[in-house]
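These protein sequence lines map, in sequence, to chains A and B. Going by the UniProt record's numbering, 91 is the number at position 91 of the first sequence; the sequence numbering is gapless. Going by the UniProt record's numbering, 292 is the number at position 292 of the second sequence; the sequence numbering is gapless.
There may be inaccurate statements among the hints.
[What the hints assert, rightly or not] DEER-style ranges, computed between Cβ atoms: (1) T275/B with S304/A: 32 to 40 Å; (2) D240/A with H48/B: 29 to 37 Å; (3) K30/A with E98/B: 38 to 46 Å; (4) H296/A with E119/B: 40 to 48 Å; (5) L111/B with V89/A: 30 to 38 Å; (6) M299/B with T157/A: 54 to 62 Å; (7) Y115/A with N202/B: 51 to 59 Å; (8) V141/B with F124/A: 36 to 44 Å.
[What the hints assert, rightly or not] Interface residues of chain B toward chain A, partial, derived using beta-carbon atoms under 7 Å: (9) E40; (10) A41; (11) L47.
Since the hints were derived computationally from the structure, they do not count as laboratory data. In this text, a Cβ means the ideal position worked out from N, Cα and C, and glycines have one as well.
There are 2 protein chains.
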Amino acid sequence: MEFHFLGTGSGVPAIERNVSAMAIRFLQQKGTQWLFDCGEATQHQLLHSPITLTKIDRIFITHLHGDHIFGLPGLMGSRSFQGALSPLVIYGPKGLAEFIEASLAVSKTHLRYPYEVIELEEGFMFETEHLSVEALALNHVTPSFAFKLTEKDKPGTLDIKKLEAYNIPKGPHYQSLKEGKTITLEDGRTINGHEFVGPKKNGRVVVIAGDTRPTKEMIKFSREADILIHEATFRSDKADHAVQFGHSTTLEAASLAKEAKVKTLLLTHISSRYTGEEEAFLNEAKTIFENTHLAHDLMVYTLSS
Amino acid sequence: MEFHFLGTGSGVPAIERNVSAMAIRFLQQKGTQWLFDCGEATQHQLLHSPITLTKIDRIFITHLHGDHIFGLPGLMGSRSFQGALSPLVIYGPKGLAEFIEASLAVSKTHLRYPYEVIELEEGFMFETEHLSVEALALNHVTPSFAFKLTEKDKPGTLDIKKLEAYNIPKGPHYQSLKEGKTITLEDGRTINGHEFVGPKKNGRVVVIAGDTRPTKEMIKFSREADILIHEATFRSDKADHAVQFGHSTTLEAASLAKEAKVKTLLLTHISSRYTGEEEAFLNEAKTIFENTHLAHDLMVYTLSS
Ligand SMILES: [Zn+2]
Ligand SMILES: [Zn+2]
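For reference, chain A alone in the conformation it holds in the complex (with noise of 0.2 Å):
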């Protein structure tokens, strides 16, 4: 799973960070993207990145604000320009199909594919073939998600090594070992596919917030997740800043991040008023939970399967 980040700034854009965007790239599944967030000029970062816009079949939009929509009629209209007849799916809290439909038809833009949108509430959630998506409210100025992907369990492997250590004839009788069944061999033995299945593979969890303060249901939501990209606006000397906008501070981002003990920290969508402090930033938030990671502009995070 590549997590490519296209916009780590808030509010407005500054040379050195966009407004908000990331996308998924999931390496096993036919290189499926989907994008979370969409701020102005999205489409434009999309321009510097491996990530496709065609490829992109899912948009999630954690809230309405300018700065994480404003790209969407844009990027909605070049990606039936560039070729996209698939269809789109874009979730996101309530006004968001009218601020699409205004903006596209003003403008005249006709999309080539199909799409739908999707408006949020508490609880929703929805699965694929490879994962489950969960929505959970958050605690901002407007209404504002977080959105949790699991992976499904894999099944464990077939260790072909010790069938053949045990003299079990290769044939169509694998695939139910592989789904722990148990069969009898023509020489009347019986086998337990269970002795012979590695342990399953847990799916892996990967929860990104939007704008947010810090709440209890986010630590439990994120719990032992394998990475939380979560918002760091202002560093502590501006925690009141934090509380009057409804955004989180390093330090209260590193505090949630140890308390639901997830792996991995991802910090995004930071002031610009921080441009050329980020090392003191990130150390601020590390004396809390040591691994975290801050996301720039064009940076691609690997979670490896």
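Mind docking chain B with the ligands on chain A? Use the hints.
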């Protein structure tokens, strides 16, 4: 008058050319700045330009296609975030107000300055202290307009050396002479101001066209303009595309400039298919109208006074 080309491409953003936007800086009017069209990431282009967002007080939208308007909500929000309190007036085709209102409302963008949207009709015009502005309907696949800016004529300058040669003492009557009045000096001489004032300076004329097929009305509207900024989406080899999508070719734009007897033609809205062929593109136009320039992103063209 400085012309700052912010986006000179067509349809979708490319690395070399962003979607449409151009700013004029009026050097002699306290740095007043007007913006023409506002494609996505226009505010990003401003980060690389001397144009100051907070000083833009009028925005002209030629037509409502996405590549001309999708940067507007974000730019309006950032203008407020950067501290602008001065009013903003936005001119454009019917439907513009709805797009702006929907975008600002859904995103809960609060502006600290007042703004007004004036929807254009054929024959629209207004005057400022220094300029008159007229709109002309064009011929595109959606309502599209050209804007003509005509500077007011400036009175000639008072010839101080000649006044001194005639031994006319300095004093408040200089102002009367400058205005062409006749005065009587203390020594009894009668002096006619017209004899001491140089010829009046004709106001310059600038025409900025939106996407369009060439039209007869545009020839008349652009007559003897100092600057004509016109689209040339295609070269003449794609003349059929130009007809189909309501655009102009190099040769069509150059012919219009020639027939209208403009002084300078600036071509913009160039299809990304011509990346790397700029010289041939420009030369094609020059075969018909020699004083043609090809705009590029962040190009500044100065019309000296
Ligand atoms: Zn934000
Ligand atoms: Zn256009």
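Each hint, compared with the structure:
no., hint, in the structure
1, T275/B with S304/A: 32 to 40 Å, "holds (37 Å)"
2, D240/A with H48/B: 29 to 37 Å, "holds (33 Å)"
3, K30/A with E98/B: 38 to 46 Å, "holds (40 Å)"
4, H296/A with E119/B: 40 to 48 Å, "holds (42 Å)"
5, L111/B with V89/A: 30 to 38 Å, "holds (32 Å)"
6, M299/B with T157/A: 54 to 62 Å, "holds (60 Å)"
7, Y115/A with N202/B: 51 to 59 Å, "holds (54 Å)"
8, V141/B with F124/A: 36 to 44 Å, "holds (39 Å)"
9, E40, "holds (4 Å)"
10, A41, "holds (4 Å)"
11, L47, "holds (5 Å)"
When each numbered hint is compared with the structure, no violation occurs for any of them.
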